[in-house]
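Input sequences plus hints: build the corresponding full structure.
Residue numbers (the working numbering), protein chains in the order written: chain S, 5 to 414; chain D, 92 to 266; chain H, 418 to 534.
Simulated from the structure, these hints should not be mistaken for laboratory data.
Treat each hint with caution, since some may be false.
To be verified - Taking lysine-lysine and the DSS-like style, the derived pairs with C-alpha atoms no more than 30 Å apart in a straight line are:
#1 S:LYS93 x H:LYS455
#2 H:LYS455 x S:LYS97
#3 S:LYS97 x H:LYS453
#4 H:LYS450 x S:LYS93
#5 S:LYS334 x H:LYS529
As the list claims (entries may be wrong) - One side only, chain H facing chain S, incomplete, derived with CB under 10 Å:
#6 GLN476
#7 LEU485
#8 PHE487
#9 VAL492
#10 GLN503
To be verified - The following residues of chain S were derived to be distant from chain D, with all beta-carbon distances above 10 Å:
#11 LYS97
#12 TRP162
#13 SER200
#14 PRO237
#15 PHE260
#16 VAL291
#17 THR303
#18 LEU367
Virtual Cβ for every residue (Gly too), placed ideally from N, Cα, C.
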Amino acid sequence: MDFFDFISDPILAISKWLFELLNGWGVTADWSNFILYFIGAALLGTSALLLTLIFIWAERKIIGRLQDRYGPNQVGPWGIFQSVADMVKIFIKEHIIPYGVDPVPYHLAPIIIVASVLIVWAIIPFSNSLTETNLNVAVIFLLAVGGIGELGIMMAGWGSNNKYALISAFRASAQMISYEIPMAIVLLIPVLLSSSMAMDDIVNAQKMPFILILLFGALIFFIASIAENGRAPFDLAEAESELVAGFNIEYSGLKFGMFYVADFLRAFTSALIFSTIFLGGWRGPGVETFPILGGLYLTLKSLVIWFLGVWIRGSFPRYRIDQMMNINWKFLTPVSLALFMLAIFFGKLFENYGQNIQYLSILIINLGLFFISLKLINRKEDNLEIPEIGLRSRPVAKPDNLFSKDISRG
Amino acid sequence: MSVQQLIFLSLAIVTIFSAIMVVSLRNLLHSALWLVLTLLGVASLFALLEASFFAAVQILVYIGAIAILLIFAVMLTHNIMSVSDSQTNRGWGIAIVLVSIILIALISQLSTWEGFNTALINLNSPGQETVLSLGKGLVDPQGYALPFETASVLLLAALLGGVYIAFDKRIEKKS
Amino acid sequence: MLNQWLYIAIFVAISILLPTIAIFLARVLSPKKPNKIKNSVYECGMETFDKTWIQFRIQYYLFALVFLIFDVETVFLYPIAVAYNQISLFMVIETIIFISILFIGFLYVWRKGALNW
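Structural data, given as structure tokens:
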């Protein structure tokens, strides 16, 4: 392998070299493939878990700045060793196991939750030469693995032998299963546009990134993935002020650390999925000659989306549980169903006029639905009834009476 | 014994063992967990047979929806841990004898089937062809379009029936 | 036998193994000093599970049920979306009929109030 090969795609070059080496030692092709898969998977899994430390630090700094304070800044320059110190602390804390826990669900739950986040890293194409597996049902696999995460939360809640943990686990899994429906329906449209459920094919079909065609769909997917992750403003399940730390109340030490790691890692993983499906994945200028640039582009795109998620986290107040369910079942689901129905109808009508007209029609449908739904929401807000308490009516803070002197009704 | 046979054997043993545990445990919630493991085993068997779509759908629908529904329903019931009747009823001896006879008859009949010696058709389709033909067949008027629409009516019936049974009318009148 | 699922199976095994090793390591490294007060369940008085004192709302079950129906519907829609480029307009209308039958059911459930928390 010459120098240019190595520079343009180091990972492929190294794996080819290892393959030759193992073949030279007499290992058959199947087994050497197996060993290569194993090494690749182990490296990817470990680096994903270790990257979480950097993300935790970055998120704390960004949220600190959003709240007009410094983030961690004592341990090392700019506080970059804060996560390491936290990790060491969590590793050596005592594992307090309360009485009466159900041992199997209690101990398995953190492992299952972290596993359900890590498994998603197996199907994401990091560059156009490095797909270990081009799973042909990758999109359904994504949704399926989310389901396993919900199961882990239920196990954590009920294994803890604690009423509050159980209630919180119910709420968290009701929230997570509800928000899977808009995700699943909106993901149908990229599958439609690229005629395949495999991630590699979806990335290959994005000569124009799908977000430029599916503006509203991408927004629905983004909101649903934040809610699925359980981050603010949808973080009712871990609301420290309400449900006393939620379903991970009886966990201490590294088991609690695992929930924490899964939360932060999942934020980045959903950013990765969003950039693969909607922003074009590893596509960018110059990836044909330098495939390693693909990984760089993917990282940059998902960092932007991840930053958006952190920004939203630091800016919005938390939703109540009924508001959260209303958003999903009374807004996101009907709108995504309507979007899909209109998109397939008009996409098929204009199919004969070429692909660009098809894309344009879907874009117009997206924008149209976006403005219609905005109008519907505004109309509903104007018609909100103000509940009467006793004989007085409560003033409701609506934008037009914020600056008026008399706080009269509405 | 090739690697594939070994993997199949271990997956089959895990699945059957979890299925036995589902029906024989006293604690309902533990049964639900073993059911999840059984469904995972079935999904892996589908994946081994290269029916990737069905493996993913099995995990998505069965584990992600039905198992969660089951766990919610189990939480609804009281006395999940204090079931203290015996696990067997009075006629368990005769039942074991009958079932063993049927099992031996089945095995002896099946062992003469020549299908076990024919090689599997290698589907060899890592692409989208299987899902593609499934999709085309579902909407084709000469295909399965009518069962497809009937399935939607069936789902509608399930939705309305479930809501009708589970929903408390007192709550509706109050609101 | 080089299956697509081989890599995923390896990755599943590794992603279950990594947290297990980490937790095991932490268990070895951490002190173990259980005493009665530390081990009592948070918010005392809730030890036994025989009497479920949780006011289990029917809403959880209803949401899971509606989710199940829509999940199965989405599973039907995925192969059709994959075959989108090769089906005619008539078949697309069939799909729209499929979705709208379930959409009408969803509207009924909405009106009935089963989707309120």
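Interface-negative label, S:TRP162 against chain D, beta-carbon threshold 10 Å: 6 Å, violated
Given pair status - H:LYS529, S:LYS334, alpha carbons within 30 Å: Judged against 30 Å, a Cα distance of about 13 Å means the pair holds.
S:LEU367 non-interfacial with respect to chain D [C-beta, more than 10 Å]: 25 Å, holds
Assertion that S:SER200 lies outside the chain D interface [Cβ separation over 10 Å]: Nearest chain D Cβ is 5 Å from S:SER200, so the label is violated.
30 Å limit on alpha-carbon distance, applied to hinted pair H:LYS455 and S:LYS97: The hint holds at about 14 Å.
Hinted pair S:LYS97 and H:LYS453, Cα distance within 30 Å: 18 Å, holds
10 Å cut-off, C-beta based - S:LYS97 kept clear of every residue in chain D: At roughly 28 Å from the nearest Cβ of chain D, S:LYS97 sits farther out than 10 Å, so the non-interface label holds.
S:LYS93 paired with H:LYS455 [C-alpha distance capped at 30 Å]: Holds, at roughly 19 Å.
Evaluation of the interface hint that places H:VAL492 against chain S, nearest CB under 10 Å: For H:VAL492, the interface hint holds, since the closest Cβ of chain S sits about 7 Å away, which is under 10 Å.
Hint check: 10 Å Cβ-Cβ cutoff, H:PHE487 to chain S: H:PHE487 check passes; min Cβ-Cβ to chain S is 5 Å, inside 10 Å.
Proposed interface contact between H:GLN476 and chain S, which counts if any beta carbon pair is under 10 Å: Result: holds, 8 Å to nearest chain S Cβ.
Beyond 10 Å from each Cβ of chain D, as asserted for S:PRO237: 24 Å, holds
When the structure is compared with the earlier hints, violations turn up for hints 12, 13 and for no others.
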